[in-house]
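Engineer: Listed below, chain by chain, are the residues.
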Amino acid sequence: AQSVTQPDIHITVSEGASLELRCNYSYGATPYLFWYVQSPGQGLQLLLKYFSGDTLVQGIKGFEAEFKRSQSSFNLRKPSVHWSDAAEYFCAVGLPSGTYKYIFGTGTRLKVLA
Amino acid sequence: ETGVTQSPTHLIKTRGQQVTLRCSSQSGHNTVSWYQQALGQGPQFIFQYYREEENGRGNFPPRFSGLQFPNYSSELNVNALELDDSALYLCASSLTGTGETEAFFGQGTRLTVV
Chain A
118 AQSVTQPDIH ITVSEGASLE LRCNYSYGAT PYLFWYVQSP GQGLQLLLKY FSGDTLVQGI
178 KGFEAEFKRS QSSFNLRKPS VHWSDAAEYF CAVGLPSGTY KYIFGTGTRL KVLA
Chain B
507 ETGVTQSPTH LIKTRGQQVT LRCSSQSGHN TVSWYQQALG QGPQFIFQYY REEENGRGNF
567 PPRFSGLQFP NYSSELNVNA LELDDSALYL CASSLTGTGE TEAFFGQGTR LTVV
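As given, the protein sequences belong to chains A and B, one line each in that order.
Converting from the first sequence to the numbering used here requires adding 117 to each position, the first position being numbered 1.
Converting from the second sequence to the numbering used here requires adding 506 to each position, the first position being numbered 1.
Hints are computed from structural coordinates only; laboratory data are not their basis.
Built from N, CA and C at the ideal position, the CB exists for glycine as well.
Fair warning: there could be bad hints in the mix.
Said to hold, decoys possible - Pair by pair, the computed Cβ-Cβ distance ranges are:
#  : chain 1 : residue 1 : chain 2 : residue 2 : range
1  : A       : 147       : B       : 544       : 28 to 36 Å
2  : A       : 119       : B       : 573       : 35 to 43 Å
3  : B       : 509       : A       : 135       : 28 to 36 Å
4  : B       : 571       : A       : 135       : 28 to 36 Å
5  : B       : 566       : A       : 197       : 36 to 44 Å
6  : A       : 213       : B       : 590       : 29 to 37 Å
7  : A       : 158       : B       : 526       : 36 to 44 Å
8  : B       : 534       : A       : 133       : 23 to 31 Å
9  : A       : 186       : B       : 603       : 42 to 50 Å
10 : B       : 528       : A       : 197       : 27 to 35 Å
Claimed, not checked - Covered, in the sense of this in silico footprint (three residues per stretch, anywhere, with C-beta under 8 Å from a C-beta of chain A), are these stretches of chain B:
#  : segment
11 : 547 to 558
12 : 581 to 589
13 : 595 to 603
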């Protein structure tokens, strides 16, 4: 069955430090890959997406992610975290065959220390 | 903002009651998907509507039902509400038939069942 794993439930970093959020997926082919951010009580904002092509994708707010097929991973990175980045981050895969739906990970809550 | 609007933003219902949630999809999109996000969890796929018909369903009981209208807006209906139905309900619109595509999420409806 398809699944998405975000192994880190909580991550705390200091403002200005670098960040990497991990995401691994299980799917028989290459899915579409997404990272979303959610502030408390809010909907989902798309940070970046991967469909095909260059495996390093750039997103909004200075985020980037790298697709590694051999590791079935799509980790999110940011070189310097800002206090406003504190939120919950969700990795999702979009299944391009059949019903186009998303499978989400359980999320990583990011706390930023001033 | 994504152009996907949901109403109401918050709702409190009593166990056993019925509820209807509404979603207006982004202009030009023909597909609406609904997700349930319980507290501390990632969103779970409920079902999808395309051309006014259900086009895939997740692991949710039949008391979760929906409609899509000719203008592609959609409703989610939940009958016989249970306490565990308390969650954030997210609507996502997308365009089926274009290959690589992404879904755009609304801000959600927070349902509390007491």
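Engineer: Determine for every hint whether it applies to the structure shown.
Structural biologist: Tested hints:
Distance hint for residue 147/A and residue 544/B: a CB-CB separation of about 29 Å, consistent with the stated range 28 to 36 Å. At about 27 Å, the CB distance of residue 119/A to residue 573/B disagrees with the hint of 35 to 43 Å. For residue 509/B paired with residue 135/A, a C-beta distance near 34 Å keeps the hint of 28 to 36 Å intact. Judged by the Cβ atoms, the range 28 to 36 Å given for residue 571/B and residue 135/A is violated: they are separated by roughly 46 Å.
Separation of residue 566/B from residue 197/A is about 41 Å and conforms to the stated range, judged on CB atoms against 36 to 44 Å. Hint check: residue 213/A to residue 590/B, Cβ distance near 31 Å, so the stated range 29 to 37 Å holds. Here the CB-CB span from residue 158/A to residue 526/B is close to 21 Å, at odds with the stated 36 to 44 Å. For residue 534/B paired with residue 133/A, a C-beta distance near 41 Å fails the hint of 23 to 31 Å.
Against the hinted window of 42 to 50 Å, the Cβ-Cβ separation of residue 186/A and residue 603/B comes to about 27 Å, which falls outside the hint. Distance hint for residue 528/B and residue 197/A: a CB-CB separation of about 41 Å, inconsistent with the stated range 27 to 35 Å. For a cut-off of 8 Å, the count of residues in the segment 547 to 558 of chain B with a CB near a CB of chain A stands at 6, and the three-residue condition holds. For the segment 581 to 589 of chain B, the stated coverage by chain A is violated: 0 residues have a C-beta nearer than 8 Å to a C-beta of that chain, whereas at least 3 were required.
Figure legend: the segment 595 to 603 of chain B, annotated as covered by chain A; annotation consistent (4 residues with Cβ-Cβ distances under 8 Å, at least 3 required).
Consistency note: the structure conflicts with the earlier hints numbered 2, 4, 7, 8, 9, 10, 12.
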